[in-house]
Amino acid sequence: MAPQGSISVAAAALVLLLALALQISVSSLSAAAVVVPPPPPDNCTRSCGKVAVPYPFGIGPGCYWPGFNLTCVDNTLLIGDGTLRVDHIWAHNSTVRVLRGGDIKVEEEANGTGAFGGGLRDDGPFTLSAYTNELVVTGCNVVATLVEQHTNLTRSGCASICTNSADSMQYPISHKACSFGKGCCQEEIISPFERMNFDARLKWFGQNRTVDEMWKTTRVFVAEKGWYDKQRLVLEEATEVPVQLDWVVEVAGEPAGRRPVPGDDCPSYVNRDVCKSRNSNCMPGRERGYSCSCYTGHDGNPYVAGDGGCNDVDECKRPEEYGCFGECTNLPGTFRCWCPRGTHGNHTVPGGCIKSATVPN
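For reference, each letter of the sequence shown is one residue, going -21 to -1, 1 to 340 in mature numbering (1 follows the signal peptide of the UniProt record, and there is no 0).
Derived by calculation from the structure, the hints in this document are not laboratory data.
These numbers were taken from a predicted model, which means no experiment stands behind them.
We put the CB at the ideal spot given by N, CA and C, even for glycine.
Among the hints, erroneous ones may be present.
What follows is a list of derived Cβ distance ranges for each label pair [as the list claims (entries may be wrong)]:
(1) Thr133 / Trp69: 15 to 21 angstroms
(2) Pro20 / Thr133: 29 to 35 angstroms
(3) Glu166 / Val190: 24 to 30 angstroms
(4) Asp208 / Asp278: 46 to 52 angstroms
(5) Glu173 / Thr142: 19 to 25 angstroms
(6) His129 / Pro17: 57 to 63 angstroms
(7) Gly324 / Gly39: 51 to 57 angstroms
(8) Asn131 / Pro311: 42 to 48 angstroms
(9) Thr142 / Thr308: 26 to 32 angstroms
(10) Asn187 / Asp278: 32 to 38 angstroms
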């Protein structure tokens, strides 16, 4: 008879093998259940007007990942319900710039709320970018907050104050005029959104809202950082406002109840079937889906395999951007820069390498 300890070890080994087999089986079933669309055909339209349309976006059946269909009308690229115009798509960091018509319309009665609009689904692949947009408000004695509908969390807010209404009316929408008391304010979006839909909520705190509205019309903008700084617009003038959106790619047929956790590794089938470039990273979304990005020192489209994917950047050919004004050698994902032989100094600035003094023999 075998010693009792030997039986325990054998039993433990058997349990471990069974658990491993079960894990492999479940993993295989999960991967097998995942539904990935076939690669788009080569004849897909990849531009509309002056805007490139990289995958996963596309125009026409079979040319896009589900949820990323666009429409090209008279050389104008549209998304959602057709009221949002696509201005630029950055595949390498999963961002798109859209142009929406003017300010966010807010209900007139009471303290009112208004939504972003555009026809983008709340549970779709797009969310408002937190760090590239800002809240801009014009008006007298009014507080505006951006509140995400799904979580009811405040993502940004500011107060537009008029210390002298007559003076405030003279100022157009201009960052240079947007100081305390001038009837405008701007504030960063302090945390990422989990879903697309949000409200712009207003609350007036002046003595007479009617008078305040007469001095300066209340308007709320969510805009790409830098747009507001460049404007010289009177309040009544209509305009297209740029807004940046992040996106994630969702995979159909994933295990029920699975929720991506930021910071965790992506499943192997996502690395294989979504982030197809061999020089790309995968990152789980905040609530759902995955986003892909190129490795540092690479540029291109992480959602595409082969030459169309992420490729090494030759930093030596872009000295102004990467700060190399001496000798340069391009390396995979990086570069090496130094002052030429016979010179010394700072190779990161133009003219920084100066001729070395001749040392007498």
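Evaluated hints:
| no. | hint | verdict |
| --- | --- | --- |
| 1 | Thr133 / Trp69: 15 to 21 angstroms | violated (28 angstroms) |
| 2 | Pro20 / Thr133: 29 to 35 angstroms | violated (45 angstroms) |
| 3 | Glu166 / Val190: 24 to 30 angstroms | holds (25 angstroms) |
| 4 | Asp208 / Asp278: 46 to 52 angstroms | violated (27 angstroms) |
| 5 | Glu173 / Thr142: 19 to 25 angstroms | violated (38 angstroms) |
| 6 | His129 / Pro17: 57 to 63 angstroms | violated (32 angstroms) |
| 7 | Gly324 / Gly39: 51 to 57 angstroms | holds (56 angstroms) |
| 8 | Asn131 / Pro311: 42 to 48 angstroms | holds (47 angstroms) |
| 9 | Thr142 / Thr308: 26 to 32 angstroms | violated (59 angstroms) |
| 10 | Asn187 / Asp278: 32 to 38 angstroms | violated (55 angstroms) |
Violated hints for the displayed structure, listed by number in ascending order: 1, 2, 4, 5, 6, 9 and 10.
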